[in-house]
Amino acid sequence: MSTDNGLIIGIDLGTTNSCVSVMENGRPVVLENPEGKRTTPSIVSYKNNEIIVGDAAKRQMVTNPNTIVSIKRLMGTSNKVTVKNPDGSTKELTPEEVSAQILSYLKDYAEKKIGKTISRAVITVPAYFNDAERNATKTAGKIAGLNVERIINEPTAAALAYGIDKSNREMKVLVYDLGGGTFDVSLLDIAEGTFEVLATAGDNRLGGDDWDNKIIEFILAHIAQEHNGLNLSNDKMAMQRLKEAAERAKIELSAQLEAIISLPFLTVTEKGPVNVELKLTRAKFEEITKQLLERTRNPISDVLREAKIKPEEINEILLVGGSTRMPAVQKLVESMVPGHSPNRSINPDEVVAIGAAIQGGVLRGDVKDVLLLDVTPLTLSIETLGGVATPLIKRNTTIPVSKSQIFSTAQDNQESVDVVVCQGERPMARDNKSLGRFNLGGIQPAPKGKPQIEITFSLDANGILNVKAKDLTTQKENSITISDNGNLSEEEIQKMIRDAEANKERDNVIRERIELRNEGESIVSTIKEILQSPEAKDFPKEEKEKLDKITGGIDAAIKANDYTKLKAEIENFKKWREEMAKKYNPNGDQGQPAQ
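Numbers given in the working numbering equal positions in the sequence shown, counted from 1, plus 816.
Rather than coming from a laboratory, the hints here were simulated on the basis of the structure.
Fair warning: this is a prediction, and the values are worked out from it, not measured in the lab.
Errors might be hidden in some of the hints.
Here are the simulated EDC-like pairs of lysine to aspartate or glutamate, each with C-alpha atoms no more than 20 angstroms apart in a straight line [claimed, not checked]:
hint	residue 1	residue 2
1	Lys1360	Glu1394
2	Lys1391	Glu1345
3	Lys1059	Glu1074
4	Lys932	Glu965
5	Lys928	Glu851
6	Lys1391	Glu1358
7	Lys1292	Asp1234
8	Lys874	Glu1063
9	Lys1284	Asp1234
10	Lys1030	Glu965
11	Lys863	Asp1378
12	Lys874	Asp924
13	Lys1357	Asp1378
14	Lys1391	Glu1335
15	Lys932	Glu840
16	Lys1375	Glu1331
17	Lys874	Glu851
Required output: the full structure, derived from the provided sequences and hints.
And the structure:
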């Protein structure tokens, strides 16, 4: 495989799903994963020293407790996840390590699609990600073998994707981004190829998954009412099926007025099987999720107020994230910014990755006349006398930026000062997030207030902060780069990179085998559903025998770790399914018994 050191891929590293795009012939192209899908679940499973990512991991969420979801929520923290090894011991993993597996998977299939080795990327993050979370994202990229050229905000990337072909007239653009796990609103000014973020706000604990959970609660309440208080919340198998059914219902209700939730044999009690057949109307869905929707209202008002822009001054509304397909979301946005219908000309699931690829094109020089001016989402301050947070770089300041301010000592003959850096909007330092501290010594003894200490905050285009303190009398200085890598040392990061590279070929083989195994297990489950379906009574005896034979062959191949035989049995099932499709549905209509 050849190497293209200039190629830069764009990655939307999402809480629920991730996506990768690249510039080809001057246009962004979204790359399909090995399963032919344009987005990949941000899910990682650990099984018998094997690592599984994406759809294959999602399919074994119930059977494998070592399956990790929504790792993005832990980025920038010191929290770790624990997985069990085959021998019963446990292993702790940092969020960066888990995220690196997702990035590595995206990188690997992008390389296969393009036919070239990839080492550079632009990765997006929620607008509300703080400095530690952004650094953690860069670290995850580094572990995955990627040089992260730029970290950009997701709403900014979306605007870049929509704006690449826009005219040069000045526009005020509102970006409403409701993803699987986070929510952001940004207001941008776009003029003559320059994209400037005027304000941003959001809720990093709100996303489409919360809408799914409301449907699950609705179904659980129905089951409890119909089955004498039956509680299935601790039944992992049932909850997985409920989660899948809730997601399907949510998607269906975006296009139609009602959805039928059908879950035969959801579980079995002393009184027999529990079957769920329930109708959910769009009106009821919107009623049970009304409070979630209302939580997106205030951030819209906040960015308008912050940027001093009236709703009627907005030129365009962009919707980002699959959850924005819900009609109630679109109605709320239109009600708050009347006179404009949201622009949905780009797939909302892919628009962020497309924008990241375009930014990669800008950095490489393939895309001309575009300048991206991002902002810092929270105020950056130092702690001064009395524990006050004194701002140096205020929230929504365009980056990159450097700001300096002169401070002095608080006591007579003070020979050193502690510089404590924090991030947030609270007036007291203790109420904000502490980012780091360092000491500047060697100050000449003098009455308090006389020494001149210059503090400089430099925030780069990735939102990474460098803080420098300098005694203007002695010229002594000290500095710190705020880089919270989840308590990972550079040596630990390098070890992870080496381990990932050393095991790359082995991991690829294992990944392919796991995908085969999971496909086989999925087929066995599908066959059981077929044989239990009402249509099965019409199947000829020889067809049932074929299915029994395929099931037995798959089970035997999995137990024997015979992947050649497993692949053959999977092909046998696919051939059988095609034969049934032709037999029962020669005209290609939907609903053949084999599906």
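Tested hints:
no. : hint                : in the structure
1   : Lys1360 <-> Glu1394 : holds, 15 angstroms
2   : Lys1391 <-> Glu1345 : holds, 18 angstroms
3   : Lys1059 <-> Glu1074 : holds, 18 angstroms
4   : Lys932 <-> Glu965   : holds, 18 angstroms
5   : Lys928 <-> Glu851   : holds, 13 angstroms
6   : Lys1391 <-> Glu1358 : holds, 15 angstroms
7   : Lys1292 <-> Asp1234 : holds, 14 angstroms
8   : Lys874 <-> Glu1063  : holds, 14 angstroms
9   : Lys1284 <-> Asp1234 : holds, 12 angstroms
10  : Lys1030 <-> Glu965  : violated, 39 angstroms
11  : Lys863 <-> Asp1378  : holds, 18 angstroms
12  : Lys874 <-> Asp924   : holds, 19 angstroms
13  : Lys1357 <-> Asp1378 : violated, 29 angstroms
14  : Lys1391 <-> Glu1335 : holds, 15 angstroms
15  : Lys932 <-> Glu840   : holds, 13 angstroms
16  : Lys1375 <-> Glu1331 : holds, 15 angstroms
17  : Lys874 <-> Glu851   : holds, 13 angstroms
Violated hints, listed in ascending order, are 10, 13; each of the other numbered hints is respected by the structure.
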